Amino acid sequence: AQSVTQLDSQVPVFEEAPVELRCNYSSSVSVYLFWYVQYPNQGLQLLLKYLSGSTLVKGINGFEAEFNKSQTSFHLRKPSVHISDTAEYFCAVIFTGTASKLTFGTGTRLQVTL
Amino acid sequence: GAVVSQHPSRVICKSGTSVKIECRSLDFQATTMFWYRQFPKQSLMLMATSNEGSKATYEQGVEKDKFLINHASLTLSTLTVTSAHPEDSSFYICSARRGVEDEQFFGPGTRLTVL
Chain A
1 AQSVTQLDSQ VPVFEEAPVE LRCNYSSSVS VYLFWYVQYP NQGLQLLLKY LSGSTLVKGI
61 NGFEAEFNKS QTSFHLRKPS VHISDTAEYF CAVIFTGTAS KLTFGTGTRL QVTL
Chain Y
1 GAVVSQHPSR VICKSGTSVK IECRSLDFQA TTMFWYRQFP KQSLMLMATS NEGSKATYEQ
61 GVEKDKFLIN HASLTLSTLT VTSAHPEDSS FYICSARRGV EDEQFFGPGT RLTVL
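Taken in order, these protein sequences are the chains called A and Y.
The numbering used here puts the first residue of the first sequence at 1, with every later residue one more than the last.
The numbering used here puts the first residue of the second sequence at 1, with every later residue one more than the last.
Just so you know, the hints here were simulated from the structure itself, not pulled from any lab data.
Some clues are possibly wrong.
No more than 27 Å apart at the CA atoms, straight line, and that leaves these computed lysine-lysine pairs for DSSO-like [as the list claims (entries may be wrong)]:
#, chain 1, residue 1, chain 2, residue 2
1, Y, K14, Y, K66
2, Y, K66, Y, K55
3, Y, K64, Y, K14
4, A, K101, Y, K55
5, Y, K14, Y, K41
6, Y, K20, Y, K41
7, Y, K20, Y, K66
8, A, K49, Y, K41
9, Y, K64, A, K101
10, Y, K20, Y, K64
11, A, K58, A, K101
12, Y, K14, A, K101
13, Y, K20, A, K69
14, Y, K66, A, K101
15, A, K69, A, K58
16, Y, K20, Y, K55
17, A, K69, A, K101
18, A, K49, A, K69
Rough simulated footprint, nothing fancy, chain Y against chain A, three-plus residues with beta-carbon under 8 Å [what the hints assert, rightly or not]:
#, region
19, 35–43
20, 66–79
Just so we're clear, the structure is a prediction, and the values are computed from it rather than from any experiment.
The beta-carbon is built from N, C-alpha and C at its ideal position, and this holds for glycine as well.
Please work from the sequences and hints to get the whole structure.
Encoded structure:
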């Protein structure tokens, strides 16, 4: 079965601390991987994506993610977070053969405090 | 570039009425638009995929007679929630893409509250 899992529903972190948001997927086919951020009452903004090539992907706002095929993971990291990073983060996957439909994880609420 | 708008951003209606939500790609032509539904503190669930000029493809469990989707032009898709009920209250988000290999660009969402 094809699925996307974000194990952490909430991640509290202090400002300027590093953070990692976890994403795992299950698939028997090739995948394309995405991270989106959603601020309250807004749509989604693409942070970064992995389509092919280097497994370390850098995105906007200082975020990066690493595709690990053997562990079927695509964890999102930032070395030093800011208050403004407080938002909901969604991992999403396109499973090949699905007409490029995005399948979303359940989301992780990143709460940055002073 | 690649801006997607939605109108209205927020709507409150009485039970039994129909509500239309518009999704527009402002600076590109979208061959495909997607409609998602998001319940509070939950993920986005794909409702349907619409291609310009053809009937929408609905995901399993989505009532096509209740959620009418029209994609009449390359820049506009509409979602009409017919005979809305309180359980239809949700955040509806659209996205649009130019081609199959292109990324999806998301609208800001529409908050529907049915009283």
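- Message: Does Y:K66 sit within 27 Å of Y:K14, going by the straight-line distance between their CA atoms?
- Response: Roughly 16 Å separates the two Cα atoms, so the pair holds.
- Message: What's the verdict on Y:K20 and Y:K41, does the C-alpha distance respect the 27 Å limit or exceed it?
- Response: This hinted pair holds, its Cα atoms lying about 24 Å apart.
- Task: Would you check the hint for Y:K66 and Y:K55, treating anything up to 27 Å between C-alpha atoms as holding?
- Result: Satisfied, since the Cα-Cα distance of roughly 15 Å is no more than 27 Å.
- Task: Verify the coverage statement for the region 66–79 of chain A against chain Y, using a C-beta to C-beta distance below 8 Å and requiring 3 or more qualifying residues.
- Result: violated (count 0)
- Task: State whether the coverage of the region 35–43 of chain A by chain Y holds or is violated, taking the criterion as 3 or more residues with Cβ-Cβ distances under 8 Å.
- Result: holds (count 4)
- Item | Pair hint outcome, Y:K20 versus Y:K64 [Cα-Cα no greater than 27 Å] | 14 Å, holds
- Is it true that the CA of Y:K20 sits at most 27 Å from the CA of Y:K66? 12 Å, holds
- Query: Would the pair Y:K64 and A:K101 pass a check requiring their Cα atoms to be no farther apart than 27 Å?
  - Reply: 19 Å, holds
- Compare the distance between the alpha carbons of A:K58 and A:K101 with 27 Å, and conclude whether the hinted pair is satisfied. With Cα atoms ~23 Å apart, A:K58 and A:K101 stay inside 27 Å; holds.
- Message: Please verify whether A:K69 and A:K101 have alpha carbons no more than 27 Å apart.
- Response: OK: A:K69 and A:K101 at ~20 Å, within 27 Å.
- Agreement of Y:K20 and A:K69 with the hint, judged by alpha carbon distance not exceeding 27 Å: 43 Å, violated
- Message: Please verify whether Y:K20 and Y:K55 have alpha carbons no more than 27 Å apart.
- Response: 17 Å, holds
Going through the hint list in order, the structure does not satisfy hints 12, 13, 20.
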